[in-house]
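Based on the provided sequences and hints, a complete structural model is requested.
From first to last, the protein sequence lines stand for chains A and B. FYI, this note's numbering numbers position 34 of the first sequence as 34, with every residue one higher than the one before it. FYI, this note's numbering numbers position 43 of the second sequence as 43, with every residue one higher than the one before it.
Incorrect hints may appear among the rest.
To be verified - 25 angstroms max Cα-Cα, derived SDA-like pairs, lysine to any residue: (1) A/Lys120 with B/Glu121; (2) A/Lys120 with A/Gln3; (3) A/Lys129 with B/Gln22; (4) A/Lys33 with B/Leu21; (5) A/Lys33 with B/Ser70; (6) A/Lys41 with B/Leu21; (7) A/Lys120 with A/Ile103; (8) A/Lys120 with A/Asp48; (9) A/Lys109 with A/Arg84; (10) A/Lys120 with B/Ile10; (11) A/Lys120 with B/Ser70; (12) A/Lys41 with A/Gln88; (13) A/Lys109 with B/Asn104; (14) A/Lys120 with B/Lys40; (15) A/Lys120 with B/Pro24; (16) B/Lys40 with B/Phe72; (17) A/Lys41 with B/Glu78; (18) A/Lys129 with B/Phe72.
Simulated from the structure, these hints should not be mistaken for lab results. All values reported here derive from a predicted model rather than from experimental measurement.
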Amino acid sequence: MSQFPVLLRSKDRLPVRYLIVDDSVFARKNLAKMVESYGGKVAGEAGDGCTAITEYDRVQPDVVLMDITMPQMEGIEAAERIIRQHPQARIIMVSSVGYQENIVAALQKGARHFLQKPVKAEQLYDILKYVLGDDAVAVATPAAQ
Amino acid sequence: MRMELIQPFINAADAVLCETLQSPTRIADVSMDEETYRRKGVAAMIHIVGDIEGRVIFDLDTATATRIASYFSGEPVEASEEMVRDTVCELANQVIGNAVTTLNDQGMHFRVSPPSVHTAETGGQGAEDTETLVMCFDTPNGRVYMNISMRYHRRRRRENVAIV
Numbered sequence: 001m002s003q004f005p006v007l008l009r010s011k012d013r014l015p016v017r018y019l020i021v022d023d024s025v026f027a028r029k030n031l032a033k034m035v036e037s038y039g040g041k042v043a044g045e046a047g048d049g050c051t052a053i054t055e056y057d058r059v060q061p062d063v064v065l066m067d068i069t070m071p072q073m074e075g076i077e078a079a080e081r082i083i084r085q086h087p088q089a090r091i092i093m094v095s096s097v098g099y100q101e102n103i104v105a106a107l108q109k110g111a112r113h114f115l116q117k118p119v120k121a122e123q124l125y126d127i128l129k130y131v132l133g134d135d136a137v138a139v140a141t142p143a144a145q
Numbered sequence: 001m002r003m004e005l006i007q008p009f010i011n012a013a014d015a016v017l018c019e020t021l022q023s024p025t026r027i028a029d030v031s032m033d034e035e036t037y038r039r040k041g042v043a044a045m046i047h048i049v050g051d052i053e054g055r056v057i058f059d060l061d062t063a064t065a066t067r068i069a070s071y072f073s074g075e076p077v078e079a080s081e082e083m084v085r086d087t088v089c090e091l092a093n094q095v096i097g098n099a100v101t102t103l104n105d106q107g108m109h110f111r112v113s114p115p116s117v118h119t120a121e122t123g124g125q126g127a128e129d130t131e132t133l134v135m136c137f138d139t140p141n142g143r144v145y146m147n148i149s150m151r152y153h154r155r156r157r158r159e160n161v162a163i164v
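Following this line, the structure appears as structure tokens:
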């Protein structure tokens, strides 16, 4: 994976903290590897929408990467419930199915962005920079220069 | 053969495998004979119901699935049954998801089942109006097999005939 400038939180220059939600362990590991390559920290993981809600309350991440099709509770519903309790939550939906209606529904419920699998590292990085905005700063590493 | 039913799945499999493994893949073998297919290792099946209907089986042997999972994690993973199943199901999920997104963009509507582990030795008996393709992709981590069986929904087939 190519080197990316590290993304740090603007307020304290600490790593951005992520909650990764996907019923596939394989998919969670892949996303974890990517966000760690951007200097981030995986604060929590969840395999379904219900656990995502409790984990959000527990770890208070900076960003949530949320799959859509999951058992017990789907990602769009989980996103809506998290945002209702935490309007500042930054949730990026990540799904293999990129139906227009899914994307629109997710954004209407308050998700900040949508990314279709397979996830490209460069795309996720750009979306994270966009979603974090001024709350994150990119710090060039020697390898990335 | 009605390639418009099959092509999105071929394109999606190629794209997903290339992107996930970060290297080109090669189609090693293609067969339209469903009866020659025998399960190679761990297989995931996804059913599609709607304007087109059928099923797709994604099949990898254990060693290939373990290598792919290790590649993805960035570290060696244990060849546990659970990890192998999860890897195959997620790959199948991504391939099918991409394919049905293309078909949905073309105006088709359907429901896709979550992937389930396919334990039978064969792919099952197809019907006369079913398009079937069994493909083998060569990847740097081993071979990946995809068995597609699709047809237009009866109502849509009648509409197509009426137009003609």
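Status of the hints after comparison with the structure:
1. A/Lys120 with B/Glu121: Violated. A/Lys120 to B/Glu121 sits at ~35 angstroms, over the 25 angstroms cutoff.
2. A/Lys120 with A/Gln3: holds, 13 angstroms
3. A/Lys129 with B/Gln22: With Cα atoms ~23 angstroms apart, A/Lys129 and B/Gln22 stay inside 25 angstroms; holds.
4. A/Lys33 with B/Leu21: Answer holds: A/Lys33 to B/Leu21 is near 14 angstroms, not above 25 angstroms.
5. A/Lys33 with B/Ser70: Since the Cα atoms of A/Lys33 and B/Ser70 sit roughly 12 angstroms apart, the hinted pair holds (cutoff 25 angstroms).
6. A/Lys41 with B/Leu21: Status holds; Cα separation ~24 angstroms.
7. A/Lys120 with A/Ile103: holds, 18 angstroms
8. A/Lys120 with A/Asp48: holds, 23 angstroms
9. A/Lys109 with A/Arg84: Within the cut-off at roughly 9 angstroms; holds.
10. A/Lys120 with B/Ile10: This hinted pair holds, its Cα atoms lying about 20 angstroms apart.
11. A/Lys120 with B/Ser70: holds, 18 angstroms
12. A/Lys41 with A/Gln88: Holds, because 19 angstroms separates the two Cα atoms, which is no more than 25 angstroms.
13. A/Lys109 with B/Asn104: Cα-Cα ~22 angstroms, so holds.
14. A/Lys120 with B/Lys40: Violated: A/Lys120 and B/Lys40 sit about 29 angstroms apart, past 25 angstroms.
15. A/Lys120 with B/Pro24: The hint holds at about 15 angstroms.
16. B/Lys40 with B/Phe72: Given pair B/Lys40, B/Phe72 holds - Cα atoms ~22 angstroms apart, limit 25 angstroms.
17. A/Lys41 with B/Glu78: Cα-Cα ~23 angstroms, so holds.
18. A/Lys129 with B/Phe72: holds, 23 angstroms
Violated hints, listed in ascending order, are 1, 14; each of the other numbered hints is respected by the structure.
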